[in-house]
Amino acid sequence: MPVSSILQAHSKLDQPIVHLTVVVLVIMAAILALVTVLVVFASIRYRYRAGLAEPPQNFGNRNLELTWTILPLLLLGSIFVLTVITMADSDPPKTAANGDDPPADLVIVAHQFWWEIRYPGAGFVTANEVHLPAGRQMLVRLEAADVIHDFWVPELTRKEDMIPGKPNELWLLADHPGVYLGTCAEFCGNEHAWMRIRVIAQTPDEFAKWEREQAQQPPSPADATAQRGEQLFRTMSCANCHAISGVSSERVGPDLTHLASRETLAAGRLKNDPVNLEAWLHDPNNFKPESNMPNANLKPDDLSAMVAYLETLR
Amino acid sequence: MSEIPVALPLLRKLERFEKEAGMLSWVASVDHKQIGILYMVTALIFFIAGGVEALLMRTQLMFPENRFLNPSAYNQIFTMHGTTMIFLVVVPVLLGLMVYLVPLMIGARDVAFPRLNALGYWLYALGGCLLYFSFFAHDAPAAGWFAYPPLSEKPYSNLQGMDFWALSLLVIGAGTVMTGLNVIATVAAMRVQGMSLRHLPLFAWMSLINSFLIVGAMPALNAALVMLLIDRQLRGNFFKPGAGGSPIFWQHVFWNFGHPEVYIMVLPAFGVISEVIPVFSRKVIYGYAVVAGSTVAIALLSFGVWAHHMFAVGMGHFLDLVFSASSMLIAVPTGIKIFNWIATMWGGAIRFTTAMWFAVAFLVMFTIGGLSGVMFAIVPIDWQLTDTYFVVAHMHYVLFGGTAFAVFAGLYYWFPKFSGRVLSESLGKWHFWLTFLGFNLTFMVQHNLGVLGMPRRVFTYPNIHDWNVLNFISTMGAYLLGISVLVFLTNVIRTVRNGRIAGNDPWDAWTLEWATTSPPPVHNFDYVPPVRSARPLWDLKHPDDPDWRRGRKVQPNVR
Chain A
1 MPVSSILQAH SKLDQPIVHL TVVVLVIMAA ILALVTVLVV FASIRYRYRA GLAEPPQNFG
61 NRNLELTWTI LPLLLLGSIF VLTVITMADS DPPKTAANGD DPPADLVIVA HQFWWEIRYP
121 GAGFVTANEV HLPAGRQMLV RLEAADVIHD FWVPELTRKE DMIPGKPNEL WLLADHPGVY
181 LGTCAEFCGN EHAWMRIRVI AQTPDEFAKW EREQAQQPPS PADATAQRGE QLFRTMSCAN
241 CHAISGVSSE RVGPDLTHLA SRETLAAGRL KNDPVNLEAW LHDPNNFKPE SNMPNANLKP
301 DDLSAMVAYL ETLR
Chain B
1 MSEIPVALPL LRKLERFEKE AGMLSWVASV DHKQIGILYM VTALIFFIAG GVEALLMRTQ
61 LMFPENRFLN PSAYNQIFTM HGTTMIFLVV VPVLLGLMVY LVPLMIGARD VAFPRLNALG
121 YWLYALGGCL LYFSFFAHDA PAAGWFAYPP LSEKPYSNLQ GMDFWALSLL VIGAGTVMTG
181 LNVIATVAAM RVQGMSLRHL PLFAWMSLIN SFLIVGAMPA LNAALVMLLI DRQLRGNFFK
241 PGAGGSPIFW QHVFWNFGHP EVYIMVLPAF GVISEVIPVF SRKVIYGYAV VAGSTVAIAL
301 LSFGVWAHHM FAVGMGHFLD LVFSASSMLI AVPTGIKIFN WIATMWGGAI RFTTAMWFAV
361 AFLVMFTIGG LSGVMFAIVP IDWQLTDTYF VVAHMHYVLF GGTAFAVFAG LYYWFPKFSG
421 RVLSESLGKW HFWLTFLGFN LTFMVQHNLG VLGMPRRVFT YPNIHDWNVL NFISTMGAYL
481 LGISVLVFLT NVIRTVRNGR IAGNDPWDAW TLEWATTSPP PVHNFDYVPP VRSARPLWDL
541 KHPDDPDWRR GRKVQPNVR
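In the order they appear, the protein sequences are chains A and B. Numbering of the first sequence is given in our numbering, commencing with residue 1 and proceeding in unit increments. Numbering of the second sequence is given in our numbering, commencing with residue 1 and proceeding in unit increments.
Think of the hints as simulated: they come from the structure by calculation, not from any bench. As the structure is a computational prediction, the values presented were derived from the model and not from experiment. Ideal Cβ placement from N, Cα and C applies to all residues, glycine included. Please note that a few of the clues may not be correct.
Result set (DSBU-like, lysine-lysine): computed pairs, CA atoms no more than 30 Å apart in a straight line [unchecked claim]:
(1) Lys-299(A) <-> Lys-271(A)
(2) Lys-240(B) <-> Lys-94(A)
(3) Lys-166(A) <-> Lys-240(B)
(4) Lys-166(A) <-> Lys-12(A)
(5) Lys-209(A) <-> Lys-94(A)
(6) Lys-154(B) <-> Lys-166(A)
(7) Lys-209(A) <-> Lys-271(A)
(8) Lys-94(A) <-> Lys-12(A)
(9) Lys-240(B) <-> Lys-154(B)
Chain A stretches covered by chain B per the calculated footprint, using a threshold of three residues with CB under 8 Å from any CB of chain B [what the hints assert, rightly or not]:
(10) 141–155
(11) 175–189
Whenever a hint applies, use it, and build me the whole structure from the sequences.
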């Protein structure tokens with residue numbers, strides 16, 4: 001898995017932050033070098049040698065002390081100006097100049113330990129993987145269903161908390177198609193570590209195609225095993241938490257309508273393939289201990305029926 | 001080294017007290033020196049507990065997807081580690097130094113309210129036990145030392161751990177406020193004749209300012225804890241969204257305490273450094289008034305910076321910028337001190353005792369923590385780096401590289417006074433270098449982890465090559481740090497048994513605590529030397545060149 005460094009920007013919104021970070025890192029390194037050199041030099045040059053008398057006592061020097069008060073002030077003043085500029089560039093206002101509040105393109109609702117992703121325009125819901133067209137700046141509304149979470153995709157934009165009862169808004173932009181990894185950045189309980197998110201930026205055509213597919217109901221399964229899986233999904237506890245368009249509508253857990261079209265399972269915990277899906281359903285606790293996904297204790301042939309059904313949800 | 005000249009103008013002869021012996025003398029004591037030692041020994045015990053918790057965490061994080069600890073155990077341990085180190089180790093060990101040293105430094109027989117002093121300590125000790133009792137109730141708190149609601153509220157933290165947490169901090173907080181008030185009253189009312197505030201040793205200055213911070217900040221925490229308990233136990237709605245409460249409200253109140261708390265944990269350390277560096281550089285502190293005055297500035301500003309912990313909350317740019325400016329400003333008086341300490345070393349005749357090694361290392365380690373702190377005042381950088389391992393690195397450079405290094409410097413410096421024996425210098429050097437190496441190995445690489453996007457407070461992490469390597473290095477450093485603590489403990493135990501006898505004044509120092517026996521008698525002083533400057537013993541030892549004759553006159557062109 002690749003890392004997502006805060007020193008890499010893949011978005012015009014993040015670029016100013018990266019520039020500022022590099023400038024500040026250089027300044028801080030210079031100050032640290034100065035202090036270190038002074039301390040090491042003084043330690044060596046003025047160390048006690050046998051026979052040395054008490055050194056002359058120097059009580060201070062007002063001008064020198066003023067110097068190391070005013071210089072840092074000036075330096076911090078300039079950094080503050082850069083801060084103001086960078087904030088405006090990287091986090092532009094969300095309300096239009098005429099005061100209109102534009103509707104969000106995307107609503108992300110954080111749950112204990114997964115992400116609900118709604119596309120209000122196209123009217124469908126998905127989970128854990130955000131798709132967006134590269135080059136288009138999307139207004140994202142951030143909400144939380146239970147405790148405080150935080151949306152953070154380092155290479156695209158700032159992080160912002162997701163607070164129950166207090167929605168936040170965020171601009172999200174990827175300059176080029178690609179997969180950008182992120183994570184929940186506010187401690188939210190047992191499985192905080194495995195609450196990962198990925199943003200998949202596509203060309204506008206690919207995105208439009210994806211959007212059309214997601215808005216459709218998945219076809220009813222054709223083969224008998226998968227049909228039995230669907231029956232199990234309805235009759236066992238699965239449907240009490242998971243929505244599948246045309247089958248069930250509860251939204252306690254992630255929406256599974258097009259589960260098989262996703263890259264990962266369980267909020268970035270596992271690569272999505274039939275083997276992993278079966279292992280996950282067999283024992284969720286093995287991969288995400290103490291998460292809210294219960295072990296359904298499926299018998300082996302029920303398990304393969306369930307996997308066969310879920311794999312039809314393309 | 002040199003002894004105090006005998007023929008002194010005797011100001012007054014003090015009455016002698018008989019010292020009681022045995023365990024009861026410790027449990028029932030109202031002697032500030034015994035209480036100071038109780039504080040420090042108790043803090044040391046909790047330091048070992050918190051250190052073991054740290055090693056458990058680092059062991060879990062040594063490899064990706066490790067199964068050494070399950071998530072709820074890890075979350076309990078990181079919550080207990082933070083709570084322990086802040087409330088049961090760093091603050092109490094500094095309070096211990098304060099109540100032991102401040103009366104001696106100002107030539108007093110005890111603190112202003114000796115019984116209140118004992119009460120403060122025992123509340124801390126019992127509060128600490130209360131917190132650890134939660135383990136035996138099968139559920140230590142697991143919502144982090146910052147306990148953000150709604151996670152810390154009933155539906156998400158159902159068991160009793162959070163209640164133990166809130167109650168124990170309430171008890172400890174009450175004790176801390178008592179001790180703060182006591183130190184203020186002591187410095188205000190108990191100074192020996194001649195010791196004006198301009199002659200107060202810098203450690204006493206910092207203790208005084210620190211006590212004002214304690215009295216100002218702890219009530220905010222106590223209020224927050226009471227509200228949380230009302231929410232949890234009486235179905236209140238202070239912090240519950242959807243019922244009229246606000247989780248952000250908690251964050252404001254908590255950090256209103258929490259950021260002054262950072263300075264509560266570091267100002268006495270500044271005081272230690274301001275005593276140790278001059279004595280071992282054989283030079284008076286450079287710019288006494290500036291060092292003391294900049295501390296006052298830090299204390300005042302520290303109440304106006306709290307929301308820099310909340311830049312990711314979405315408070316709006318204006319509020320973000322207000323707190324950004326105040327947080328940048330507070331770096332200035334802190335930076336001033338670093339340069340004043342270096343200027344004190346400049347032109348000195350530096351004796352590299354273990355205490356001085358720790359103090360010199362402090363200068364660089366604390367600078368690293370201070371500079372990374374400024375980065376968090378820069379809002380867009382904070383938007384990226386907050387809640388990552390970069391914060392973990394930053395905060396440990398402040399609290400370990402800063403405070404802990406200063407406390408070790410102070411312990412090596414004052415241990416002779418506490419015990420009558422000098423800590424072994426050869427074991428001390430081992431202790432220093434193992435600490436220095438282990439500390440930097442553990443925490444330097446955590447800066448990189450943060451930059452590479454690793455969030456903090458995770459019980460495990462995905463298999464990412466760079467993260468794996470850096471985490472492994474960090475864990476090895478933590479083990480080294482664990483060994484360094486064992487070396488320190490060995491040194492303390494061996495010294496107490498048969499260390500070199502210290503004498504009154506082993507470092508040829510200048511403040512009043514060195515003008516009495518080691519350890520001092522119950523009543524502290526038979527005679528208090530006259531005080532006419534901030535260095536009364538310098539004046540005694542150099543009758544031809546006393547400080548009071550010079551005032552703050554600047555010698556031009558001193559090398």
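- Does Lys-94(A) pair with Lys-12(A) here, judged by a C-alpha cut-off of 30 Å? Given pair Lys-94(A), Lys-12(A) holds - Cα atoms ~16 Å apart, limit 30 Å.
- Are the Cα atoms of Lys-166(A) and Lys-12(A) separated by 30 Å or less? Satisfied, since the Cα-Cα distance of roughly 27 Å is no more than 30 Å.
- Item | Restraint status (C-alpha distance of Lys-154(B) to Lys-166(A) at most 30 Å) | holds (20 Å)
- Query: Holds or violated: Lys-166(A) with Lys-240(B), Cα cutoff 30 Å?
  - Reply: Between Lys-166(A) and Lys-240(B) the Cα gap is close to 12 Å, so the pair holds against 30 Å.
- Message: Checking one constraint from the list: CA of Lys-240(B) to CA of Lys-94(A), max 30 Å. Satisfied?
- Response: holds (27 Å)
- Proposed proximity, Lys-271(A) with Lys-299(A) (alpha carbon, max 30 Å): With Cα atoms ~23 Å apart, Lys-299(A) and Lys-271(A) stay inside 30 Å; holds.
- Item | Coverage assertion for the stretch 141–155 of chain A with respect to chain B, Cβ distance below 8 Å, three residues required | holds (count 6)
- Item | 30 Å limit on alpha-carbon distance, applied to hinted pair Lys-240(B) and Lys-154(B) | Distance of about 10 Å is within 30 Å: holds.
- For the pair we were handed, Lys-209(A) and Lys-94(A), check the Cα-Cα distance against 30 Å. OK: Lys-209(A) and Lys-94(A) at ~28 Å, within 30 Å.
- Query: If you draw a straight line from the CA of Lys-209(A) to the CA of Lys-271(A), is it 30 Å or shorter?
  - Reply: holds (23 Å)
- Query: Within the assertion that chain B covers the stretch 175–189 of chain A, do at least three residues meet a Cβ-to-Cβ distance smaller than 8 Å?
  - Reply: Result for this restraint: holds, n = 8.
Hint compliance for this structure: every hint is met.
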